[in-house]
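**Student:** Make the full structure from the sequences, and use the hints.
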Amino acid sequence: MSINAKHLATFILGAAAGVAAHKYLQSEEGEKLLEDLKTKASDLKAEAEGAVDKAPEYFQELKTKGSEAIKSNFPDAEKFLKDLIDKFTSAKTTAEAEADASNVTPSTAQL
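At position 22 of the sequence shown the residue is numbered 1411 (my numbering), and the sequence of numbers has no breaks.
Since no wrong hints were added, every one of them can be taken at face value.
Dumping the calculated DSS-like pairs for lysine-lysine here, alpha-carbon to alpha-carbon at most 27 Å:
(1) K1412 / K1427
(2) K1476 / K1460
(3) K1454 / K1468
(4) K1443 / K1427
(5) K1434 / K1421
(6) K1443 / K1460
(7) K1443 / K1429
(8) K1452 / K1471
(9) K1476 / K1452
(10) K1412 / K1395
(11) K1412 / K1429
(12) K1454 / K1471
(13) K1460 / K1471
(14) K1454 / K1443
Pair ranges (Cβ atoms, derived):
(15) G1403 / T1453: 50 to 58 Å
(16) E1417 / G1455: 49 to 57 Å
(17) V1408 / T1453: 52 to 60 Å
In case anyone wonders, no lab produced these hints; they're calculated from the structure. Note that beta-carbon positions come from the ideal geometry of N, C-alpha and C, so glycine has one too.
**Tutor:** Quick look at the structure:
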């Protein structure tokens, strides 16, 4: 892998930018900027922790309100879903029973 002039120029520019950033952050304005960033970061962290603490309450409220909205706007939805689930449950049970019946061998049937 060869190093050409483009790679060398990129490295030198990156190093110069790093030196300039270091010099700026050592100045009074840079220290103020760092303090502001630390304050904002701690505020964001506290806000995120608060959101995590409130998440279960929020989702419970969302579940309750969503359920009420569905019941009020689609009164037959609950019965439809229950019938649908029962249909699939009974179909699954029937399929399992048929599979069990087809797995019976003559030697096990005599026991």
